[in-house]
Amino acid sequence: MSALSWTAPSFFYLLPLALLPWLIHNQSKTIVWSKLLPVDPLSYWINLLLKSLASLIIISLLLALAGPYIPEQTVERYGEGAEFVVLLDRSRSMDEIFARPPLNTLRTERQRFKSKRVVSTDYLLEFVEGRPDDRFGYVYFSTQSVEILPLTYNKDAILATIRAGGLGKGISKTDIVEALQLAAKMYEKEAYRGSRNVLLISDGGQILSDTEKRRLKKMYEQMNLNLYWIYLRSVRGMTLDETAEDSVLWEDLPERKLHAFFKTLDVPYQAYEAGSLEEYAAAIADIDQQQYQPLLVAERVPKQSKTDVFLWAALAGLLVWAASFWLSYVGVWQAYRKTT
Amino acid sequence: MILSYPRRILLTAIVMSLALLLIVAALWLPPVPRDVKIMDSIFVLDITDSMNVEDAELDGETMRRLAWAKEFTRQTLLEMPCGSHAGLAVFSEARSLILINPIEICKNYNDLIKMLDQIDPTMAWARSSEVSKATYTAIRQADDIDPKPSIVFLTDGHESPPIHESLFPKFQGTPGDVKGVIVGIGGKDLLPIPKTNEQGEIEGFWEVNEVMHVDVYASTRGDMAERNAQKPRTEHLSSQKKSHLETLANRVGFDFVSSPKDPKKLINRIRDASDTREVTIDYDLYAWFSGLALLLVLLVFLPYRWIGLGDDN
Numbered sequence: 001m002s003a004l005s006w007t008a009p010s011f012f013y014l015l016p017l018a019l020l021p022w023l024i025h026n027q028s029k030t031i032v033w034s035k036l037l038p039v040d041p042l043s044y045w046i047n048l049l050l051k052s053l054a055s056l057i058i059i060s061l062l063l064a065l066a067g068p069y070i071p072e073q074t075v076e077r078y079g080e081g082a083e084f085v086v087l088l089d090r091s092r093s094m095d096e097i098f099a100r101p102p103l104n105t106l107r108t109e110r111q112r113f114k115s116k117r118v119v120s121t122d123y124l125l126e127f128v129e130g131r132p133d134d135r136f137g138y139v140y141f142s143t144q145s146v147e148i149l150p151l152t153y154n155k156d157a158i159l160a161t162i163r164a165g166g167l168g169k170g171i172s173k174t175d176i177v178e179a180l181q182l183a184a185k186m187y188e189k190e191a192y193r194g195s196r197n198v199l200l201i202s203d204g205g206q207i208l209s210d211t212e213k214r215r216l217k218k219m220y221e222q223m224n225l226n227l228y229w230i231y232l233r234s235v236r237g238m239t240l241d242e243t244a245e246d247s248v249l250w251e252d253l254p255e256r257k258l259h260a261f262f263k264t265l266d267v268p269y270q271a272y273e274a275g276s277l278e279e280y281a282a283a284i285a286d287i288d289q290q291q292y293q294p295l296l297v298a299e300r301v302p303k304q305s306k307t308d309v310f311l312w313a314a315l316a317g318l319l320v321w322a323a324s325f326w327l328s329y330v331g332v333w334q335a336y337r338k339t340t
Numbered sequence: 001m002i003l004s005y006p007r008r009i010l011l012t013a014i015v016m017s018l019a020l021l022l023i024v025a026a027l028w029l030p031p032v033p034r035d036v037k038i039m040d041s042i043f044v045l046d047i048t049d050s051m052n053v054e055d056a057e058l059d060g061e062t063m064r065r066l067a068w069a070k071e072f073t074r075q076t077l078l079e080m081p082c083g084s085h086a087g088l089a090v091f092s093e094a095r096s097l098i099l100i101n102p103i104e105i106c107k108n109y110n111d112l113i114k115m116l117d118q119i120d121p122t123m124a125w126a127r128s129s130e131v132s133k134a135t136y137t138a139i140r141q142a143d144d145i146d147p148k149p150s151i152v153f154l155t156d157g158h159e160s161p162p163i164h165e166s167l168f169p170k171f172q173g174t175p176g177d178v179k180g181v182i183v184g185i186g187g188k189d190l191l192p193i194p195k196t197n198e199q200g201e202i203e204g205f206w207e208v209n210e211v212m213h214v215d216v217y218a219s220t221r222g223d224m225a226e227r228n229a230q231k232p233r234t235e236h237l238s239s240q241k242k243s244h245l246e247t248l249a250n251r252v253g254f255d256f257v258s259s260p261k262d263p264k265k266l267i268n269r270i271r272d273a274s275d276t277r278e279v280t281i282d283y284d285l286y287a288w289f290s291g292l293a294l295l296l297v298l299l300v301f302l303p304y305r306w307i308g309l310g311d312d313n
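Top to bottom, those sequences are chains A and B.
Residue numbering for the first sequence follows my numbering, starting at 1 and increasing by one per position.
Residue numbering for the second sequence follows my numbering, starting at 1 and increasing by one per position.
The shape of chain A in the complex, shown without the other chains (with noise of 0.2 Å):
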């Protein structure tokens, strides 16, 4: 339970009005020598509490005005899901046709070509859309990273930023390291909530130096996070692990070495291969199924309004105000008719 909060906390100067009641003596009726009167001490304290109500209505009034409410707060519970972390590639070859068919087959039919950058961006809001409870991150990085939609439960914010990762064209120059190691460094400030993960979406790999590579497993190890790296294949038939039929010019591609220092990671990882939209789809859908673990989940809860309690009181108050001077207006006007 958090403090109240006020919309409009200048209404408080007001408050001084309050007192107004034990200054003014508008109901009150002046006699000539007020020892003539018996003294009676339950009209005491009528008068006292009626004068005690009437601070109280428009206190309660002048605070109803102020806009009393307990601010948004997060609530959290135990939920199915995981962390994310999304290291999207911008680059400009991102920008090419996704699955394109050899240049040597024969069309068949018609097709709609989607460059890679569209079709990762549509497969991942798929993806998030149906992952009620995770917690989501995105880094935006060219040369250099940084961590544009820090780890948030709003899914509205996470899917603004993927939409907003299809649009245009891509940048010259990224640095999958450098990313990489920001994503670790998001989860470090963090405390532990559940499944932590990094998604790597790339159609590229990167060489890494020696001491990059060393950081860069430290960082993991010790934080034990689950690397995933959908590879959008751009070159056909090379994979990324070795096989009988390699080319010779796939030996020292980047993305085979980032493959092969990724698999030196202990923890876990894995890579996906996406040559066509299928491929792609499962991968993401694969993922999708492995990460339900018990995950700690921040839900808001929006601002309430408190008004009503304040309006509740001054209503009570004045009910009690208004009958008494019914009732006393009843009696007055009946001695007033017997002395006239």
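Keep in mind the hints are simulated off the structure, nothing from the lab.
C-beta atoms are modelled at their ideal positions from N, C-alpha and C, and glycine is treated no differently.
Don't take every hint at face value.
Claimed, not checked - Listed next, the in silico SDA-like pairs over lysine to any residue satisfying Cα-Cα at most 20 Å (straight line):
1. Lys114/B <-> Leu151/A
2. Lys173/A <-> Gly200/B
3. Lys170/B <-> His244/B
4. Lys303/A <-> Arg77/A
5. Lys185/A <-> Asp120/B
6. Lys51/A <-> Leu315/A
7. Lys107/B <-> Pro150/A
8. Lys155/A <-> Cys106/B
9. Lys257/A <-> Thr239/A
10. Lys169/A <-> Gln172/B
11. Lys173/A <-> Ala126/B
12. Lys107/B <-> Gly83/B
13. Lys306/A <-> Leu285/B
14. Lys107/B <-> Ala298/A
15. Lys133/B <-> Leu151/A
16. Lys169/A <-> Lys148/B
17. Lys338/A <-> Arg7/B
18. Lys173/A <-> Thr122/B
19. Lys51/A <-> Leu17/A
20. Lys173/A <-> His236/B
21. Lys242/B <-> Arg64/B
22. Lys37/B <-> Ile281/B
As the list claims (entries may be wrong) - Under 10 Å between C-beta atoms, here's a sample of chain B residues computed to sit facing chain A:
23. Thr12
24. Gln118
25. Asp144
26. Phe168
27. Ile202
28. Glu203
29. Glu207
30. Leu237
Given the coordinates of chain A, work out where chain B should sit on it, guided by the hints.
Same frame as chain A, but now just chain B:
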């Protein structure tokens, strides 16, 4: 006017009963629907080197242009009516890069502000600053978003490399198709521009011989050498390029505001420039009812006697 005692009692009773009715109304009358005009906009922040010049003023404080842009964007987001959508983008090199598509600002204020905080010169992926082209790309990308947002482009208008006055980059779209406002930042005086390195860290200032002083086209023309030589060599310095921004705004059908002081006024300009949408919100009348009730209650206790209205018998 002097009221007799029974009359005063009667009046008090009536006034109090009225106040009572008003509070009942405040508690139980359902909220009335009200239409609010909201807008979708994308704030594009210039993160090029010239934005590090310290000559933008906000509330009497001089700060870096980018700091001004961030703070002013934050204040503008805060002042926009709930239901409005806002997105964020950065501009470096010759293009705008959208970081987040427009989302509702009140519910997502926290995340938007966190992202705004992250915007930094280190995000720049190149060291040039082609304002006009960046405006065009922002327009092209906004065109792909549904509903089409307006663009709020915050920049100092410094083009580097400079452009030839008659060879303005061509705008392919229809002016006014995507609406927007260009917000000019920076002072009148030419000041040195901090230079950033590959990592985006500031290392000294741009020197006079490190930047181009004439546009690419003119510099390749031998016959123009003489004229080029006469041109002032001031491209390593920067001020707010108002006339250039105004020309650019005309070209794309945008509005132009130079160094606005009040976020509310900017919101009005954005609203005037954009296609607004109407959203119905529930408007609770409780404040009116309880305010009126309070006035009535106070009426009973006003010091009439002191102003000669009351009486005493």
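A quick look at each hint next to the structure:
1. Lys114/B <-> Leu151/A: holds (11 Å)
2. Lys173/A <-> Gly200/B: holds (14 Å)
3. Lys170/B <-> His244/B: Holds. Lys170/B to His244/B sits at ~15 Å (cutoff 20 Å).
4. Lys303/A <-> Arg77/A: The hint holds at about 19 Å.
5. Lys185/A <-> Asp120/B: Holds. Lys185/A to Asp120/B sits at ~18 Å (cutoff 20 Å).
6. Lys51/A <-> Leu315/A: holds (15 Å)
7. Lys107/B <-> Pro150/A: holds (16 Å)
8. Lys155/A <-> Cys106/B: holds (14 Å)
9. Lys257/A <-> Thr239/A: Holds, at roughly 12 Å.
10. Lys169/A <-> Gln172/B: Cα-Cα ~17 Å, so holds.
11. Lys173/A <-> Ala126/B: Roughly 9 Å between the alpha carbons, so the hint for Lys173/A and Ala126/B holds.
12. Lys107/B <-> Gly83/B: holds (9 Å)
13. Lys306/A <-> Leu285/B: Distance of about 15 Å is within 20 Å: holds.
14. Lys107/B <-> Ala298/A: holds (15 Å)
15. Lys133/B <-> Leu151/A: violated (33 Å)
16. Lys169/A <-> Lys148/B: holds (19 Å)
17. Lys338/A <-> Arg7/B: holds (16 Å)
18. Lys173/A <-> Thr122/B: holds (14 Å)
19. Lys51/A <-> Leu17/A: Within the cut-off at roughly 13 Å; holds.
20. Lys173/A <-> His236/B: Violated, at about 26 Å.
21. Lys242/B <-> Arg64/B: With a Cα-Cα distance of about 18 Å, the restraint between Lys242/B and Arg64/B holds, given a limit of 20 Å.
22. Lys37/B <-> Ile281/B: holds (10 Å)
23. Thr12: holds (5 Å)
24. Gln118: At about 5 Å, which falls below the 10 Å cut-off, the nearest Cβ of chain A leaves the hint on Gln118/B intact, so it holds.
25. Asp144: It holds, given that the least Cβ distance between Asp144/B and chain A is near 6 Å, below 10 Å.
26. Phe168: Result: violated, 22 Å to nearest chain A Cβ.
27. Ile202: Where the cut-off is 10 Å and the nearest Cβ of chain A is about 14 Å from Ile202/B, the hint is violated.
28. Glu203: violated (15 Å)
29. Glu207: Hint on Glu207/B: violated, closest Cβ of chain A at ~23 Å, above 10 Å.
30. Leu237: Violated - the Cβ of Leu237/B stays beyond 10 Å from chain A, reaching only about 27 Å at its closest.
Of the hints listed earlier, those the structure fails to meet are numbers 15, 20, 26, 27, 28, 29 and 30, in rising order.
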